[in-house]
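Trainee: Residue numbers (the working numbering), protein chains in the order written: chain A, 1 to 188; chain B, 1 to 188.
Rather than coming from a laboratory, the hints here were simulated on the basis of the structure. Among these hints, one or two may not hold up.
Copies of the same chain look alike in the list, so a pair counts if it works inside one copy or between any two.
Cross-link-like lysine to any residue pairs, in silico, SDA-like; alpha carbons within 25 Å at most [what the hints assert, rightly or not]:
| # | residue 1 | residue 2 |
| --- | --- | --- |
| 1 | K49 | N114 |
| 2 | K52 | D30 |
| 3 | K107 | S83 |
| 4 | K100 | V163 |
Computed from a predicted structure; not experimentally measured.
Number of protein chains: 2
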Amino acid sequence: MKLLKDRILQDGTVEEDILKVGSFLNHQIDVKLLNEIGKEFKERFKDKKVDKILTIETSGIAIAVIAAQYFHVPVVFARKTESKTMDKDLYESTVYSYTKEKNYTIKVSKKFLNEGENVLLIDDFLARGRAIEGLIDILKQANVNLVGVGIVIEKGFQEGGKVLRDKGILIESLAIIDKPVDGKIKFM
Amino acid sequence: MKLLKDRILQDGTVEEDILKVGSFLNHQIDVKLLNEIGKEFKERFKDKKVDKILTIETSGIAIAVIAAQYFHVPVVFARKTESKTMDKDLYESTVYSYTKEKNYTIKVSKKFLNEGENVLLIDDFLARGRAIEGLIDILKQANVNLVGVGIVIEKGFQEGGKVLRDKGILIESLAIIDKPVDGKIKFM
Chain A
1 MKLLKDRILQ
11 DGTVEEDILK
21 VGSFLNHQID
31 VKLLNEIGKE
41 FKERFKDKKV
51 DKILTIETSG
61 IAIAVIAAQY
71 FHVPVVFARK
81 TESKTMDKDL
91 YESTVYSYTK
101 EKNYTIKVSK
111 KFLNEGENVL
121 LIDDFLARGR
131 AIEGLIDILK
141 QANVNLVGVG
151 IVIEKGFQEG
161 GKVLRDKGIL
171 IESLAIIDKP
181 VDGKIKFM
Chain B
1 MKLLKDRILQ
11 DGTVEEDILK
21 VGSFLNHQID
31 VKLLNEIGKE
41 FKERFKDKKV
51 DKILTIETSG
61 IAIAVIAAQY
71 FHVPVVFARK
81 TESKTMDKDL
91 YESTVYSYTK
101 EKNYTIKVSK
111 KFLNEGENVL
121 LIDDFLARGR
131 AIEGLIDILK
141 QANVNLVGVG
151 IVIEKGFQEG
161 GKVLRDKGIL
171 IESLAIIDKP
181 VDGKIKFM
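Here chain A stands alone, though its shape is the one from the complex:
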C-alpha cells in the first residue's frame, strides 16, 4: 500500500533496529490514514464473508474499529489485563511478548465469539506472530472460522508471516519491511 509505505518512510524512525511509528499508528493516530488502511483491508478481503473483527489491545483497537466501518461488523478486542468489569467465562491463551519480554494471558469473553462465525483478525504489527497465534488458539476454542489476518506492518525478516502462511492462513500485510540497516527502512 503506497500511501502507508510513503508514510513509514516519511515519519517512521528506527531506534536500536526497532521501527517506531508512534507518530501516526500506535501512540498518536492519524485517523485519515487509518481510514485508507481500513478501505484497503476491505478491498483485500472483499471476496470473504466476515461477521466480526477480532483484535488485541492496545494498538490493534484503533485500526480494527476504523476498518470495521467498511466491513459493517462489530469488533471484539482480546484483553491483556485483568478488570473487575470483565466476565469470568473466558477463552484464554498465553502469549510471549518479545517487546515486553514476558508472557501474558489474552482473554476474550465467551459471549462474544459464536460458533460458526467468520472472524477476521487485524493487528498493527506481525513479527514473530505470537499474538496472532494466541488469537487463533482462542478462535479454535470457540469453533469460529478464521477468515484471514490483516496486518498493517509485517516484519518480513522475522518468522511470523512464514510460519502462519505455511499453515495455510491467509495473511494480508499492507507493508512488509526488511531488517533496518544503518537506521534505514526498506520494503520487501
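Start from chain A and add chain B according to the hints.
Mentor: Then chain B, alone, in the frame of chain A:
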C-alpha cells in the same frame, strides 16, 4: 443521548453494583453506535476549537478514533504500560484505579502534545475522575489548553463529575447513571 441510554437499558448488565457494557462499548464494540456517539460529541463541542483528542488506553481508544472522524483531528492515547517502542521523553502522571485497585502511571510522549494546542479529552467512563485528572495533569505539564471532557457514561453517584465541574471544566456526559438498586439502572 437517547440511543445510548436505550442501549444501556437493553444490553447493559449490573453485577455486584457495577454496570457492564462489554457487549457494545468496551470489549465487543458496536461501531455503528460509536459513530452516533462521535457525532453527538461533535455536536456538543461544535463551538469549540479542537486540535487534538487525547484519550487513555484501553477502552477510550475506539471511542476517540471514531469521534475524531467528525472533528478531523488526530488522536493521542496515554499509555498505561511500558513498551520498548515508546519514546523516553514523556509526560507522566500517577493515577489510582478503583476497578483494578492499584496505582498506575500514564504516559504521553512529549512529541505529541504541542504548547498552545486545544485538546479535547474523551473516555468511556467517568466515576471518581482519577484518570481524567491524570490526563489534565499531563495537559498542564505540556502547556496545552483543555477544551473540555467528553464522557460516554458518567456515574453520577460518584464524585468525579462534581469535582471536575467545580473546577470550571466543561464535562459533556452522554448518559449519567445513578447508583444501581437491585440490579436496575436509572439515569439522573
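Trainee: Could you place K52 and D30 in one of the four classes (within, between, both, neither) given a Cα distance threshold of 25 Å?
Mentor: Classified as both; 24 Å inside a copy, 10 Å across copies.
Trainee: For K100 and V163, with the copy left unspecified, which applies at a CA distance of at most 25 Å: within, between, both, or neither?
Mentor: within (22 Å within a copy, 36 Å between copies)
Trainee: Could you figure out if K49 and N114 sit no more than 25 Å apart (CA to CA) within one copy, between two copies, both or neither?
Mentor: Answer is within: at 15 Å inside a copy they meet the 25 Å cutoff, but 43 Å across does not.
Trainee: Under a CA distance limit of 25 Å, which applies to K107 and S83: within one copy, between copies, both, or neither?
Mentor: both (11 Å within a copy, 20 Å between copies)
Going down the numbered hints, you'll see the structure goes against none, and every one checks out.
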